[in-house]
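Chains as they are written, first to last, in the numbering used here: chain U, 2 to 252; chain R, 67 to 444; chain S, 46 to 412.
If you're looking for bench data, these hints aren't it; they were derived computationally from the structure.
Covered stretches of chain U (in silico footprint by chain R; criterion: 3 or more residues with CB under 8 Å from a CB of chain R, positions within the stretch not fixed):
hint	segment
1	76 to 86
2	97 to 105
Derived lysine to aspartate or glutamate pairs resembling EDC-like cross-links, with alpha carbons at most 20 Å apart:
hint	chain 1	residue 1	chain 2	residue 2
3	U	Lys77	U	Asp63
4	S	Lys242	U	Asp94
5	U	Lys77	R	Glu282
6	S	Lys161	R	Glu236
7	R	Lys86	U	Asp94
8	S	Lys242	R	Glu277
9	R	Lys208	R	Glu236
Even glycine gets a Cβ: it sits at the ideal position worked out from N, Cα and C.
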Amino acid sequence: MNEKLAIDIREITKQFGKFTAVNHINFSVKRGEIFGLLGANGAGKTTTIRMLCGILLPTSGDGTVAGFSVMNEAEKIKQAIGYMSQRFSLYSDLTVRENLEFFGGAYGLSNKRLKERLKIVSKHFGITNFLDQLTGSIPLGWKQRVGLASATIHNPQILFLDEPTSGVDPTARRNFWRSIYQLASGESQSTVLVTTHYLEEAEYCDRVAIMHQSNLLALDTPRALKTRFEKDNMEDVFVHAIREAEQEFEG
Amino acid sequence: MKARLLPLIKKEFIQIFRTKPMLGFIFVMPILQTLLMGYAVTTEVIHVPLVICDQDRSADSRHFIQQIEQTEYFDIIEITPEYEKIAPYFDNGDANAAVVIPPHFSRDVREFQTPTLQTIINGSNSNTALVAIGYLQGIVAKFGQHLQSELVNEMQYYGSGQPPVTIQAEDRVWYNPNFVNAYFMVPAIIGIILAFSTMILTAINIVREREVGTLEQLMVSPLKSHQIMIGKLVPFALLGFVEISIVMVAGKIYFNIPMRGSYWLLFFTSFLMLPTTLGLGLFVSTVTKTQQQSMFLAWFFLVFIILMSGFFFPIENMPQWLQYLSLLDPLRYYTDCLRGIFLKGAGLQPLLPQIIALGVYGVAIISFAGARFQKRLV
Amino acid sequence: MIRGILTLAGKELKHIRRDPRSLALLFLLPLIMMVLYGYAINMDIKDAKLGVLDSDNSWATRQVISHFDGSEFFRIYKHYSSRDAVTEALQSGAVKAVLIFPADFTEDIGRGISPKMQVLLDGSDSNTGKIIQTSIQQILSQISFGPNTQPMLFNMEARVWYNQELEGANFIVPGLVAVFLMMIAALLTSITIAREKETGTITQLQLSPATPAQIIIGKVLPYIVLAFFVGLFMLLFALVYYQIPFHGSPLLLAGLSVAYLFASLSIGLLVSTIAKTQQVAMAGGLFATLLPSIILSGFIFPLRSMPTVLQWISTIIPAKYFLEILRAIMLRGVGFTYVWKPFVALIVFTIIVMTISTLRFRRQLRR
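Given the sequences, and given the hints that come with them, work out the whole structure.
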């Protein structure tokens, strides 16, 4: 288990009774990398992320996130990561500022540090104008930014984003990815693991893993995947990879 | 670590105060309930509509009617000599009691024919029926004494031999000499309100966060599950204390409820009581998936513990198996403490068994619910 | 018009079917409640614990004590030896009353004067306390020491009409049915509209061609049917388990129950249009139905014993009217001519509340 690796997992498996949600998955993510987890709904992406975040215990396998064991050191993992779920998980009856203050406080930021970080993230994500509005009343695209701001207010090394662009318009999505780049390439060198089913977004990632029905089908850079499957866009790559896997299964 | 807990509690309060209906609920409802219970909840029986069928129409029957008129227990709605008129009143629901004085009653008494005075009661409401019968028996007994003295005067009737000796009993009613209903109800209302808000609001609140998704966000944060639990329960506990105070003030203003015991003991027992209902609310949140379900289940528990607490209905009157069941009810012990402290000025000694029970239940319930809460998070 | 309503009703039905836990609770809870409450609600005193402080300890005091021991209302719990012990006993609630006999009790009897004694009563329970006081007085007044007793001048005969055995359950259980039915109906409907508001599907309703009236009727219809069956279920259970008599016409009761159901549902709807979230809807629904139904409907506590203001308020509580109808039909076996008044009251109530709800809902949809 290499310390330079932000995420490093071996044979991670999760079973719910007889149903296998995640089947012996292996991969590793370097610091500062933007890693994409692609797959249809129900492929096992969310379950995988939950295990990496330390809120779900794997049935077998092990790995580290931020250098801490996924099996035994879940609490330490939580300190070092940020998380944003599909639904943005913000309190709609709190103002944007109150949401940020709450999450910052929950991560143990001192008052002074909290004020600093709040200023930084609101400027960074352009939500300064919304600070005193009720989170429930702002448009979806801006809510997404607030979600990202809340997830990064404590400046985590690793950021887990579960379908962060669901239901958001293309312009907003592009802006969103720009923010991700800034986070990854900036001085913080954050590692970002994103799940998505928008296949064109895969192009933005450094490396991509394709999941299908609990299995990891392929893992490489977008360019390498296109070469391998002889396609020129990720959508075709994805469809082809799935079909191949299903044929193997039947055969 | 406290630095992390405070933002959680602060957030809860912001949310609570921002929901106007919730506020109304928390602050206005206790007052309304206090008033309602204090005034309405009574098993006292008064103004029972009564029909008198006077077939004798003598001076004696008139005296009897007068005696009834003088009490506030019965309202005479008709005096008629016709027996058939009684039934329609009962069927309509316009009368619940009737007295029939047979013809020649006065004459028969003086001739020692022992006539029969008939009373009719609407048995539908068995509780009030029994009480009404009791009242009538009392009035009739007094009427009997009146007739006795009449006969003594008229006929020099002394009966035979030396009159027997009856007991002279002096009644002393402690704690509530006038049997004021509010004294009985209002201290116990504190328990009801506490149970209601802490249990139901807690359960719904947690399930709501789960439904919306913010609970997951809390799980991912470094907040430990016991911190999340405390962060959720503390605001409602504090609100509980606020409600206790509101009820006390309302009780004092409207009903002049006495407070004969120690405030410290009151707050101590309340402090012991809170973990039990908060724990139950927490438990409900771990076994239900939607707000609707949590509401139903929380309500179910609530109704049960209110019923078994001796708030309305005396536990001693219940069948044995129910009485045993009530031993599991923390509200029962708390209600005992409340009435003991407010009305009887009871100190630690007489209430020790209740206090111990509360403590034990509190620890047990919170531990159990907390363990379930923890498991579900992972 | 009808088709629109049926479509909406069908959708609502699917919501219901998809939530089996709620459904189970819906049928199970009232059942359990009816069992518990039916047994628990009993105001007659039985085996009330008495204490005794006897400074005389003679045949006379023992005779008095035996009168209490022999009565089914009382039970001698403990003999105390000091005033302090008595005080603590009353404070802790161990006994409800204490009989105190002075040392010269028998002496007085011998001298032909009325022996004196003291009765200390715990007045904190104002309900049973009074009954205990009266009962003790009654028992004591019937005790006399002497060679002769007076002959009775007349007899008193007490007849009970309807519910001859004075079975408490016959009174309580119909009330339970009324109260729970109201609460279930109101709770169910109070959530529906609030849920649509909360999840945002109300926008879809706004866009559909259905009129507000259609939407409301469509929503309410499945719940009426559901509540009707729950009510039927509860009533049957009551009849079988508690053997409550049923002297009147079941058809009449069924017909009138529908009016009551509509009234309860209309309350739920009104709450639903007011509440913004489900949380509030449920709390409001409960508050608006449960407490008033139990306390101000004449269910247990006699309305005539309450202050006039509260009696006025009780006129807008549907449970009050339904209770009259229930008891009249079940226990007295009367026909429609005797129950038309409460029936009309229910209809008027429903119309008013439904209208208000529809108006509110229409305003909310148009926004």
